[in-house]
Amino acid sequence: MKTFSNKEGALIIDKMILAIQENKQYLSDIDGLIGDGDHGINMNKGFTMCREELDNNPGDLAHSAKILSKILMMKIGGSMGPLYGKLYRGFASELSGKDEIGISEMGAALEGMLSSIQAISPAKPGDKTLIDTLVPAVEAFKKAQAEGKEFDVALDEMKAAAIVGRDSTKDMLAQLGRASRLGERSRGVLDAGATSCCLLLGVLADTSIELVK
Amino acid sequence: MQKFVNDPSKVVDEMLEAYVKVHADLVSTTENERVIKYKHAPVKGKVGIVTGGGSGHKPAFVGYVGRNMVDAVACGEIFSSPPAQMFYDAIKAADGGKGVALLYGNYAGDNMNVAMAMDEAEDEGIEVKKVVANDDVPSAPKGEEAKRRGVAGEILMWKVGGAKAAMGASLDEVIAAAQKAIKNTRSMGVGLAPCAIPEVGHPNFTIEEGKMEVGIGHHGEPGIEVCDLEPSAKIAQRFCNVILPDLPFESGDEVVVLISGLGSTPVMEQYIVFNDIEKILKERGIKIYLSYVGNYFTSLEMAGVTCTLMKLDEELKECMDYECDSVGMQQFQR
Chain A
1 MKTFSNKEGA LIIDKMILAI QENKQYLSDI DGLIGDGDHG INMNKGFTMC
51 REELDNNPGD LAHSAKILSK ILMMKIGGSM GPLYGKLYRG FASELSGKDE
101 IGISEMGAAL EGMLSSIQAI SPAKPGDKTL IDTLVPAVEA FKKAQAEGKE
151 FDVALDEMKA AAIVGRDSTK DMLAQLGRAS RLGERSRGVL DAGATSCCLL
201 LGVLADTSIE LVK
Chain B
1 MQKFVNDPSK VVDEMLEAYV KVHADLVSTT ENERVIKYKH APVKGKVGIV
51 TGGGSGHKPA FVGYVGRNMV DAVACGEIFS SPPAQMFYDA IKAADGGKGV
101 ALLYGNYAGD NMNVAMAMDE AEDEGIEVKK VVANDDVPSA PKGEEAKRRG
151 VAGEILMWKV GGAKAAMGAS LDEVIAAAQK AIKNTRSMGV GLAPCAIPEV
201 GHPNFTIEEG KMEVGIGHHG EPGIEVCDLE PSAKIAQRFC NVILPDLPFE
251 SGDEVVVLIS GLGSTPVMEQ YIVFNDIEKI LKERGIKIYL SYVGNYFTSL
301 EMAGVTCTLM KLDEELKECM DYECDSVGMQ QFQR
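Which chain is which? The protein sequence lines are A and B, in order. Under UniProt numbering, the first residue of the first sequence is numbered 1, with each subsequent residue one higher. Under UniProt numbering, the first residue of the second sequence is numbered 1, with each subsequent residue one higher.
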């Protein structure tokens, strides 16, 4: 049975913070094509605040995700603050109190991400939002799990589905948020939220695979 | 881009730091430095009026904090909704024990953050009700009004809600009046040049020389069409062609007209636009009861104007006439 400990898992949030910091400009540039151009700035602000908080108050994966959630939800604002805040809250609450994280714990945590974000956002697949990355990624993981595949294989398939999901937003018309008013002009550009979500799920997969080895 | 800036990520903080110094007779800071309140808020026994939104729209939103106006405001990053905590802190700062009316504009981020702040307030036993402004006609077609954005019409909603609260009305009465104000209000913008978020450093959209964007939003959201720049009289005609039939505003109606610059358009030109609007309204038999021209709700250094009309009834007139004092709007006894 492939697992890693909740304590070791804190590395996942550490790596996510690094990924956002490194991709700040890229995410803002993508957002700038059909949005305000501040997605990377806001994400970087929240994740960097989380870094500072975790340096003073470290803990396991559930703890780190909960702190990240609180900062995003209460301090960042915009649309991405509440959306990612809810996402990490759903993730954290499923993992809280678990010593070891294996395929079933991760499956529940991924579903927790999706259900908590859906509780505040009306976005559906096809609307050109981060949901277009998250839904296929979670589905791919659950499918691999149902087929009895190993944890690391399920993570790989989740990551691959996230990339396909992100890329699918390119040809979509934005239906929600500021870009929705662009109509046809929103086509041909990746959605910034779908892109950051793919980046984060990729880090989740890669770091988890590294940890189970 | 030439700007008076130290650290582009600190523009909102430095502006607010100065704001409370300059207007110390009217406003004060709170425990949350991004929440500014009317100096005497919370006013005991009065419904609190709260708003908030992204910064970069000066004098909105903070400029409408004052006497018989907004009691507390949440000031987000440039063009970005304040987080839930900030909205909640503004609710607390405005709560005088009679409930709080949260009057804000229809944007995805604000809707989510307000919803979470209202949940928090409910847990803490503060009664909060909201009105979401959706006066920007070009942002969604008729029949889909709920999708429309809130723009300069929000000012009239605050004015009416603030007056109603000052008259001693209950929370439900304040909400009903603010709701009526926005339901009777229609706006539209025309942009001539873009704006740039200081931290981004360059405009994220362009309007070519000699062109104008009809129906542009407060953050550069694209409008209905881009066309050759026209004389003011023709632009005024476009405003009226879109705004008047939408409500509709008809012969015999009495209205408030609010022409606001979007940031870098000279006030002189705003008066020229007003002049042309006034002629059309006169022709159509629509009577102007009150007029405002100036930089009431801007978008950084965007060039352009918004035109806002509100149809009045006796209650709305009484609220518009009610005395108020804020940086953005004053009303003396009429």
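In short, the hints are calculated from the structure, not lab data. This structure is a prediction, so every number in the text was calculated from the model and none was measured. Some hints here could point you the wrong way.
Claimed, not checked - Straight-line distance between alpha carbons at most 30 Å, and here's what the computed BS3-like set of lysine-lysine pairs gives:
hint : chain 1 : residue 1 : chain 2 : residue 2
1    : B       : K142      : A       : K75
2    : B       : K44       : B       : K58
3    : B       : K98       : B       : K129
4    : A       : K15       : B       : K10
5    : A       : K124      : B       : K98
The hints, checked one at a time:
no.	hint	in the structure
1	K142/B with K75/A	36 Å, violated
2	K44/B with K58/B	29 Å, holds
3	K98/B with K129/B	11 Å, holds
4	K15/A with K10/B	27 Å, holds
5	K124/A with K98/B	39 Å, violated
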